[in-house]
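Peer 1: Residues per chain, in single letters:
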Amino acid sequence: MFYRETGQFKQSYAADQAVFPILQDRIGLAIILLVAFVVVPLFGNEFLLASVMVPFLILSLGAIGINILVGYTGLLSLGSAAFMGVGAYSAYKLSTIFPGVNILVWILCSGFFAAGVGVLFGLPSLRIKGFYLAVATLAAQFFLQWCFVRISWLYNDNPSGAIEVPARTLFGIAITGPSATPVTRYLVVLAIVVVMTLLASNIVHGRIGRTWMAVRDMDIAAQLMGIRLLPAKLLAFAVSSFYCGVSGALMVFLWLGAAEPSAFDIKLSFLLLFMVIIGGLGSMIGSFFGAALIHILPIVIRMLPEALGLPIAAATVEHLTYLIVGGLIIFFLIVEPHGLARLWQIAKQKLRVWPFPY
Amino acid sequence: MLYNIFIDPFVQMAQMPDLLVQTLWEGLVSGVLYALIALGFVLIFKASGVFNFAQGIMVVFSALTLVGFYEKFSAYGFSGHTAAFVALILTAGVMFVLAMLIERVVLRPLVNQPDIILFMATFGITYMLIGFGEMVFGGDPKQMIASELFLPSGSVDVEMLGGMVSFQKIDIAAAVIASVMIAGLALFFQKTRIGRALRAVADSHKAALSVGISLNQIWVIVWFAAGLVALVTGIMWGARSDVSFALEIVALKALPVLVLGGLTSVPGAIVGGLIIGIGEKLGEFYWGPLLGGGIESWFAYAIALLFLLYRPQGLFGDKIIERI
Amino acid sequence: MNAASETLLSVDGVSLSFGGVKAITDVSFDIRKGEIRAIIGPNGAGKTSMLNVVNGFYHPQHGRITYKGKTRPRMRPYQAASQGIARTFQNVALFRGMTTLDNIMVGRTLKMHRGLFWQMLRYGPAMREEIEHRRVVEDIIDFLQIESIRKTPVGKLPYGLQKRVELGRALAMEPELLLLDEPMAGMNIEEKEDMCRYILDLNKHFGTTIALIEHDMGVVMDLSDRVVVLEYGHKIADGTPEVVKADPKVIEAYLGVGH
Chain A
1 MFYRETGQFK QSYAADQAVF PILQDRIGLA IILLVAFVVV PLFGNEFLLA SVMVPFLILS
61 LGAIGINILV GYTGLLSLGS AAFMGVGAYS AYKLSTIFPG VNILVWILCS GFFAAGVGVL
121 FGLPSLRIKG FYLAVATLAA QFFLQWCFVR ISWLYNDNPS GAIEVPARTL FGIAITGPSA
181 TPVTRYLVVL AIVVVMTLLA SNIVHGRIGR TWMAVRDMDI AAQLMGIRLL PAKLLAFAVS
241 SFYCGVSGAL MVFLWLGAAE PSAFDIKLSF LLLFMVIIGG LGSMIGSFFG AALIHILPIV
301 IRMLPEALGL PIAAATVEHL TYLIVGGLII FFLIVEPHGL ARLWQIAKQK LRVWPFPY
Chain B
1 MLYNIFIDPF VQMAQMPDLL VQTLWEGLVS GVLYALIALG FVLIFKASGV FNFAQGIMVV
61 FSALTLVGFY EKFSAYGFSG HTAAFVALIL TAGVMFVLAM LIERVVLRPL VNQPDIILFM
121 ATFGITYMLI GFGEMVFGGD PKQMIASELF LPSGSVDVEM LGGMVSFQKI DIAAAVIASV
181 MIAGLALFFQ KTRIGRALRA VADSHKAALS VGISLNQIWV IVWFAAGLVA LVTGIMWGAR
241 SDVSFALEIV ALKALPVLVL GGLTSVPGAI VGGLIIGIGE KLGEFYWGPL LGGGIESWFA
301 YAIALLFLLY RPQGLFGDKI IERI
Chain C
1 MNAASETLLS VDGVSLSFGG VKAITDVSFD IRKGEIRAII GPNGAGKTSM LNVVNGFYHP
61 QHGRITYKGK TRPRMRPYQA ASQGIARTFQ NVALFRGMTT LDNIMVGRTL KMHRGLFWQM
121 LRYGPAMREE IEHRRVVEDI IDFLQIESIR KTPVGKLPYG LQKRVELGRA LAMEPELLLL
181 DEPMAGMNIE EKEDMCRYIL DLNKHFGTTI ALIEHDMGVV MDLSDRVVVL EYGHKIADGT
241 PEVVKADPKV IEAYLGVGH
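Protein chains in written order, with the UniProt record's numbering: chain A, 1 to 358; chain B, 1 to 324; chain C, 1 to 259.
Bear in mind the hints are in silico, worked out from the structure with no lab data behind them.
Reference listing, derived: stretches of chain A covered by chain C, where coverage requires no fewer than 3 residues with Cβ under 8 angstroms from a Cβ of chain C:
1) 11–20
2) 195–204
3) 212–224
Treat the numbers as computed from the prediction; the structure is a model and nothing was measured.
Think of the CB as a built atom: it goes at the ideal place given N, C-alpha and C, for glycine as much as any other residue.
Please take these sequences and the hints and turn them into a complete structure.
Peer 2: Spelled out as C-alpha cells, the structure:
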C-alpha cells in the first residue's frame, strides 16, 4: 500500500537517471542511515558494535570490491584477500613511517597501493579468461601472502611476524589501538563505508559501470562498440583492489587490532566470493546482504544452542558453519542464481502491485 | 646477482648430478600426484563441462572415509588385509553414493545454467564436504593404512653419478599405479560404449540427449569415476604424509596443472602435472634460497601464469578461434 | 541513389584463412557513400567473415582495405568503431544482463568523456553529460518504437525486439558505415517490414551508408542499390540487383547446375 510510485512523474531525464528514482526508496535509505548513525551507537551494546556491526561493514566493503570485479566486470578472482593484505600492510608501513599524518589518510591511501598491485596482477586478464584467469589470480594470492611472511621489512622486523596497530587519534579521540571504544570505531568505519558505497554505486550506474557490464556480458561486441578491453578491465581491477585494500586496512586497524599473514589467506578470498554469490552478483545491496549472512550466520549458530540451553563445542560450530554455508551456496544457485538481491527486488516488485497483482 | 640467478644454479646441478636426480625424482613423484588430481578434474570437465573445484576435497574425503571405516573395524577386532579391502570397497560405495547425490541434488537442477554457476556450485560442494567430513572424522590428521593395502614402504638406494639417490618404494608404487589407471581410463574412453557416450556428452549436451544418451546416468558414472580417481590419489598421498584437511591447499596445486595442460586433455593433465611438479622442486631447491625459501607455495602458479600469457589455451588445448 | 558519389570503403584482393581453411579468396569490392550495399551468397560463403575483416575483428593475410581514402594498417575493432563503423550481429550479441536503455547507452561510450573522478560523484559535468546522451538515446528509442521496453533487461525480450535493440545500439554510435549481419533472420513478415522501413529511413534521412547480409532475396532486391555475391570465399558477381539476378553464375550458385 505504502510502496507506490503512482503520482511520482519524472519530468526530466535527470530524475529518471537518478540512482534511486523512487521516493519511497529514498525515504527508506534515509531511515536506514539514521538508524545506523544514531540509533545503533546509542543503544547497541559492545558486542553488537565490535563483533557484529564493525566486521559486517568492513566485509561488506570488501565484498563491494569483489563485486565490482566479479559481478560487474565478470572477471573471476580468487586473490582478493591478498589485495586486502596489501592494503593492511601498506597502511601499517605508512602509519609507522609517518606517524604524524592522520591515520584515516593512510587507510585511504593504502587503497592506492592495493590498486597498483591489483593492476599489475590484472594485466594477464587481457589474454586469459574465465577459469584460467581464476587460476592466474591464485598466483597473486599465494605470492603476496608469501611476501607478507618473508619480507620482514613489511612488518618492521617484528619478531612475532604480525603487524600490530599503533594507537592513533582523530580530533583527540582514540580511533585505533586498545583505547578506542567500539562506538568510535563503529562510527569511523560506518562513515567510510557509507561514502565509499555511494561512490561505487555512482560509478557502476554511469558510463564506466556500463562499460564494465558490456565487457562482462559480451566482450567481443563491447570491443566493436569502441570499448578498449584492457583499460576497462584494468580499471575494474584498480577500483576493485582499492576497495579491497581499504577494507583490509580497516580490518586490521579498526577491527582486529593486529594481524598475521594468515589473516589474508585463501579462505578469506573464498569467503568474500561467497558473500558476493549469495548476496547477488552485480548488485551493491547484495554485497551487504551477503556479508551480513556469512558473517552473522556463525554467530547465530554459536548463540542459538546456548540460548536454548544446549552445550555446543566450538569445533562443531565451525563444522556446522561450513556445512550450512556450502548448502546455502548450492541452494541459492539453484533457486535464485542472482542471489538475495534479486529476492529483494522481487519482494519490492510484489509490494508495488500489492494487493492487486494483475 | 645475475650470476646467482642464471648461472650458479646450473653450475650446482652439474657439480652434483646425484642431487639433481634426487630432486628430479621428487618432482616427478609430486607431479604424478598433481596429475592424478588434475585427471579427476579433466574427467568431469570433459563429460559435463563442470569445472569441479571439489576434486581436491574429494581426495581428502575419500581417504578419510577409508581410514575411518578401517578404524571402526579394528575397534571391533576386525583388522588386517581383509578388513582393509572391505573398507576400500565400502569407501568406493560411499563415493558412488556421493556421485548420485551430487547428480541428483546439484547437477540436475542446474542443467543448462552457465558454466560459471556450476563452477560456483562446486564451491558449495567443497564446503559441505569439509563441514561433513570434519564433523564425522574430526579434524586430527590420520595415518593411512598403507601396509594393510599391500603398499610397500622403505626405500631403494641406488648408487649413481658419484652419490646415493634414494627412491621411496611407495613413490615407485604410486607412479606405477597412476600409469596403469591412466592407461585404463584412456582405454575406457576410447573403446567402450559408455566412453563413446561420454565423449558425445562432452561435445554437446543437447545433441547427446537427442540420440538417446541419458545425461543423468553419464554424470553419475563420471563423478563416480572421478571419485575413484580421488580415492586412489588419497591413498597414495596419505601413504606419503598423513591424511588431513591440510591437503586441501596442496590440492589447489592441481589448478595450475590443469591450465597448463588444457582443461579437456588427459595427456595434458599428466604432462602438466610433471612440469609443475618438477619445476616446483627444482625452483625451490636451486632458486628458493635466493628469495629466502618457501617459494614452493606460489612457484607453480607463477609458472602457470607465465605459460598462459604465452598460450592462453594451455599445452594441449585447441586454439581458440573467436566467432561472432 | 547518386551513382557518382565517392567511395567510402574499398576492399582490394582480400584473402583470409584459418589454419589451412580458406574463408575468403582474393575478394575486391567497394562501398559508395550513401548507398545500401548487399552481400549475398550461400551459407559458408564467407559473408560474415568479410564483415569481420571490415571492422577489424579478423586480420586478412593478403589485401588492402581503404576507408575514407586512407589505406588502413592492421587495426583493432575499437579503432574501427571510433572511425565510425558500427554493426549488428548474426546471432544477437546484446549485453544480456543490461536493460534496453543501458544497452543503447553503451553505444554512446565513445562520445562520453568524463573520467572516473566526475563519474564517482555523478554530479556536475558527469550528470550533464549523462543527460545529454540520454536525450540522444531517447530519440533512437522513439525512432525504433521501443519506448515500452526501455527498462526491460534485454535477455527477456523476444527475438525480433532484440534485433531492434541491437540496431538501436549500433545507431547510438552515429555510424557513417553500418554493417548489418542478417538483420531479418528469423523474423515474421511484419517484423521484416518494420526492419526494412528502419533501414530505408536511416539511409534516406540520415545518409548512413549501409552494408547488409541477407538471405531473403525479395528484401535484398528491393532494398539494395548494389549487390555483391560470394560463393566459397570467391566473388562471383557484383552489380545492381537486376544485373546480378540475371547473372548465370549466381543462378547456378543458388539453384545448382542444370537449371
